[in-house]
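Okay, here's what each chain looks like letter by letter:
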Amino acid sequence: MEFEKIVKIIGDHLGLDDVSKVKPETSLVKDLEADSLDAVEIIMSIEDEFDVEIPDEDAEQFNNIGDILNYVKAKKE
Amino acid sequence: MNNENSVKIIGTGSYLPPKIVTNFDLEKIMHTTDEWIRSRTGIESRRVADEKTATSDLATIAARKALEDANLMAEDLDLIIVATVTPDMMFPSTACLVQKNLEAGKAVAFDIEAACSGFLYALTIGEQFIKGGVYKNALIIGAETLSKILDPEDRNTSVLFGDGAGAIVIQKTTDNTGILSSYLGTDGSKGEVLKQPAGGSRIPSTYESVKDKLHYVKMEGNEVFRFAVRIMGKAAMEALKLSNIKIQDIDFLIPHQANIRIIEAAAKRLELPMDKVYVNLDKYGNMSAASVPVALDEASKKGLLKKNDIVVLVAFGGGLTWASTVVRWSK
Ligand SMILES: CC(C)(COP(=O)(O)OP(=O)(O)OC[C@H]1O[C@@H](n2cnc3c(N)ncnc32)[C@H](O)[C@@H]1OP(=O)(O)O)[C@@H](O)C(=O)NCCC(=O)NCCS
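Protein chains in written order, with numbering that gives the first Met the number 0: chain H, 0 to 76; chain P, 0 to 330.
Worth double-checking, as some hints may not be accurate.
[To be verified] Below, a list of computed lysine to any residue pairs in the SDA-like style, where the Cα atoms sit at most 25 Å apart:
hint	chain 1	residue 1	chain 2	residue 2
1	P	K267	H	A58
2	P	K194	H	S35
3	H	K4	H	T25
4	P	K189	H	E46
5	P	K267	H	I8
6	P	K189	H	D55
7	P	K245	H	D47
No lab work stands behind these hints: they were computed from the structure. This structure is a prediction, so every number in the text was calculated from the model and none was measured.
Full structure from sequences and hints, please.
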């Protein structure tokens, strides 16, 4: 559920035609060629969608989409 | 809404110093690339004032053009407000210097500082004086020579900014056009993310302050980016709400020209197509308080703005500050 929402945000932002290959192991920067500002914007959209705050220090630790997912889930609990 | 006592823009003018510095020029003097600057900011070149030129020089030329466009003489001016973070000196104010240059002897003149939001703050102040019946004709200027306070060794800031000046003349009107609403905001608690630390009373100018490079702009780009994306949309929405105008009714958005990525993100949040958004940062970079009035002048002179069009001006900047003004175009 959360994963699909996150993938949709990423797909919309980066204009990906096919998001079926996007997995929790996928890296925004390395695999999807997002630049640092894309990453910031995607994090902001995720903050808005899930109504959570993700400080920069935390966002910098994310290596892949699974990390974002786990972070959001933990915050929501 | 019948605005018996409204304030309209009757003339615009702008001036850019002639020297063009491209991204390729910057590549030669710092560790950066045209590709990086263009993809992260949309900026391709910027104008830079020469050693002899100060902010009041740019401001005076822009002001003369705005007066000519308004068909007004300098003697007709009652008020001159200059918004700038790069005044010629600590005092007299840049507005006093412009008053002298223009020989606008009747005008009261002062500066205000709200960084990149400064022009819209100044416009709102001027509007209040005219609405209140205190003054009739006001000259509102945003003018900067940011190049003078950039650290050439700090690629985080020195690729972003440029020099320039824009001016407008405002006057009372009863014809239902003009300024419909303004919304200003401030969050001083986050001011640390964008500042020029020295030269004031906290860190006076000393040998050490110069050696420690404290007279240069310091910026936490990432923090400013996040703030800007959120606040641009919000500020415009708040101003629109005050005049009961819907986003779909906007004919032109004239945003502060900091970064195309910020403008695009804000437009997306507003669900406004980019063809309704005026952009000139590719040519000039971020001119701080001068960005909005220069863009407004260009849009007007290009004939993009028609009488009764809804034009939304929006800016954000150091302070932190933000501002938006909704105008029904008069010319
Ligand atoms: C300045 C801004 C474009 C920087 O973008 P960013 O993605 O946050 O940049 P970062 O500082 O995270 O740097 C990303 C990478 O680019 C590099 N970089 C930074 N500036 C660079 C430059 N001028 N040229 C080349 N590379 C640069 C960094 O070293 C970093 O490299 P790394 O990932 O290998 O460490 C962006 O933060 C921004 O626009 N902020 C708002 C600024 C603004 O509008 N200020 C005025 C308000 S009125």
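For each hint, the structure was consulted:
{"no.": "1", "hint": "P:K267 with H:A58", "result": "23 Å, holds"}
{"no.": "2", "hint": "P:K194 with H:S35", "result": "23 Å, holds"}
{"no.": "3", "hint": "H:K4 with H:T25", "result": "15 Å, holds"}
{"no.": "4", "hint": "P:K189 with H:E46", "result": "20 Å, holds"}
{"no.": "5", "hint": "P:K267 with H:I8", "result": "13 Å, holds"}
{"no.": "6", "hint": "P:K189 with H:D55", "result": "15 Å, holds"}
{"no.": "7", "hint": "P:K245 with H:D47", "result": "22 Å, holds"}
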